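Colleague: Fit chain V to the supplied structure of chain H, relying on the hints for placement.
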Amino acid sequence: MILDLSKLFGRSKTSKDVAKERLKLVLIHDRANVSPQFLEMVKSEIIKVISNYMDIDESALDIQLTKTRSEEGDRVVPALVANIPIKNVKSSGR
Amino acid sequence: MGEVIVITSGKGGVGKTTTTANIGTGLALQGKKVVLIDTDIGLRNLDVVMGLENRIVYDLVDVVEGTCRIKQALIKDKRYEGLFLLPAAQTRDKSAVSPEQMIKLCDELRNEFDFILVDCPAGIEQGFKNAIAGADRAVVVTTPEVSAVRDADRIIGLLEANELRNPKLLVNRIRVDMVKRGDMMTIDDIIDILAIDLIGVVPDDEKIVVSTNKGEPAVTDSKSLAGQAYRNITRRLLGEEVPMLDLETDDGFLVKLKRLFGLRTT
Chain H
20 MILDLSKLFG
30 RSKTSKDVAK
40 ERLKLVLIHD
50 RANVSPQFLE
60 MVKSEIIKVI
70 SNYMDIDESA
80 LDIQLTKTRS
90 EEGDRVVPAL
100 VANIPIKNVK
110 SSGR
Chain V
11 MGEVIVITSG
21 KGGVGKTTTT
31 ANIGTGLALQ
41 GKKVVLIDTD
51 IGLRNLDVVM
61 GLENRIVYDL
71 VDVVEGTCRI
81 KQALIKDKRY
91 EGLFLLPAAQ
101 TRDKSAVSPE
111 QMIKLCDELR
121 NEFDFILVDC
131 PAGIEQGFKN
141 AIAGADRAVV
151 VTTPEVSAVR
161 DADRIIGLLE
171 ANELRNPKLL
181 VNRIRVDMVK
191 RGDMMTIDDI
201 IDILAIDLIG
211 VVPDDEKIVV
221 STNKGEPAVT
231 DSKSLAGQAY
241 RNITRRLLGE
251 EVPMLDLETD
261 DGFLVKLKRL
271 FGLRTT
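Line order of the protein sequences matches chains H and V. Residue numbering for the first sequence follows the working numbering, beginning at 20 and increasing consecutively. Residue numbering for the second sequence follows the working numbering, beginning at 11 and increasing consecutively.
Just so you know, the hints here were simulated from the structure itself, not pulled from any lab data. One or more of the hints may lead you astray.
Claimed, not checked - Simulated restraints, written as ranges between beta carbons of each label pair:
id, chain 1, residue 1, chain 2, residue 2, range
1, H, D49, V, G249, 28 to 34 Å
2, H, K32, V, K114, 49 to 55 Å
3, H, V61, V, N121, 44 to 50 Å
4, V, R102, H, F57, 36 to 42 Å
5, V, V58, H, L44, 48 to 54 Å
6, H, S70, V, N172, 32 to 38 Å
Stated by the list, open to error - The list that follows gives simulated cross-link-like pairs (lysine to aspartate or glutamate, EDC-like), each with its CA atoms no further than 20 Å apart:
id, chain 1, residue 1, chain 2, residue 2
7, V, K190, H, D36
8, H, K32, V, D207
9, H, K35, V, D124
10, H, K43, V, D124
11, V, K81, V, E135
12, H, K39, V, E216
13, H, K39, V, D187
14, H, K39, V, D202
15, H, K43, V, D202
16, H, K39, V, D193
17, V, K21, H, D49
18, H, K43, V, D187
19, H, K39, V, D124
20, V, K190, H, E40
21, H, K106, H, E90
These figures come from a predicted structure and were not determined experimentally. Using N, Cα and C, we set each Cβ at its ideal position, and we do this for glycine too.
Chain H on its own, in the form it takes in the complex:
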């Protein structure tokens, strides 16, 4: 009820909301670091799927866990960014 009232009067986020949001983000990175195989696994799966439809340059493929602005633009959210150079689109994929 107290929280609802403060929202009604447009007060800013409480410090614990900030804490929680920061923690969630930092833990995504920490957890990814705990298992370095994780990104490799994601990478090999992505290659497998995309290879069915296009020829890609596997050596130049780059996948990273990073942060980005959310659609609403008011907060930072984690994002998986993949840069996949395509050599040729297979005819069967058209």
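Modeller: Frame of chain H; chain V shown alone:
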């Protein structure tokens, strides 16, 4: 066969030793035969928290090196039936003990005791590896701060990587007034982030400082709210269903009215 429970946290100063002392004493008060092992070699403290610092002759390193028998190193707490302490060495370091030696020690103690509580040092290095080596279960202690919760998350990952599944969460030093103001994460916030089961919540309580001053665990103090919380946690460890402690204090009408209008009440 006894059960080995490790009390761990990652971050230092969140209350591992206090928790070990209180749960251990609580279990002894419930009629269990309990031994507390301090694995913080070089920085031992469980002895002073328990008020047994004057009775140390042999320690953990003496036992694993074969300088003495286990029985000679165990300090019997005369106040509580069935409670024993195996202190850490103070003049050595973490490398004086290996995980294999800890497994062997825990297995020997299982035959004698119902519970073996292992007080883990801060950090994720050798001392941590030693402490978790022989454990069947783990309790992860955290406080409602970003640093402690972050480290707890790391520890949970490492426990699971070492086959210690389903660690239980103990949130220490919660302050209801700050939670109400929105200046401290709630229990639900912390569970949401760490995604493990809760074994208990211990309020921030001045009586913990007083009881540590005296070397008498707060769990024996019927007037202490933290003591009550630890009594409940002890019963949950024994498999009982105990509802979470209601930490709400009755504020009275005026305080509630002030809060309604957003005035600071503390």
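Colleague: Confirm or reject each hint.
Modeller: Going down the list of hints, with the structure as the test:
no., hint, result
1, D49(H) <-> G249(V): 28 to 34 Å, "33 Å, holds"
2, K32(H) <-> K114(V): 49 to 55 Å, "52 Å, holds"
3, V61(H) <-> N121(V): 44 to 50 Å, "47 Å, holds"
4, R102(V) <-> F57(H): 36 to 42 Å, "38 Å, holds"
5, V58(V) <-> L44(H): 48 to 54 Å, "39 Å, violated"
6, S70(H) <-> N172(V): 32 to 38 Å, "37 Å, holds"
7, K190(V) <-> D36(H), "13 Å, holds"
8, K32(H) <-> D207(V), "28 Å, violated"
9, K35(H) <-> D124(V), "40 Å, violated"
10, K43(H) <-> D124(V), "39 Å, violated"
11, K81(V) <-> E135(V), "29 Å, violated"
12, K39(H) <-> E216(V), "27 Å, violated"
13, K39(H) <-> D187(V), "18 Å, holds"
14, K39(H) <-> D202(V), "10 Å, holds"
15, K43(H) <-> D202(V), "10 Å, holds"
16, K39(H) <-> D193(V), "11 Å, holds"
17, K21(V) <-> D49(H), "15 Å, holds"
18, K43(H) <-> D187(V), "24 Å, violated"
19, K39(H) <-> D124(V), "39 Å, violated"
20, K190(V) <-> E40(H), "18 Å, holds"
21, K106(H) <-> E90(H), "31 Å, violated"
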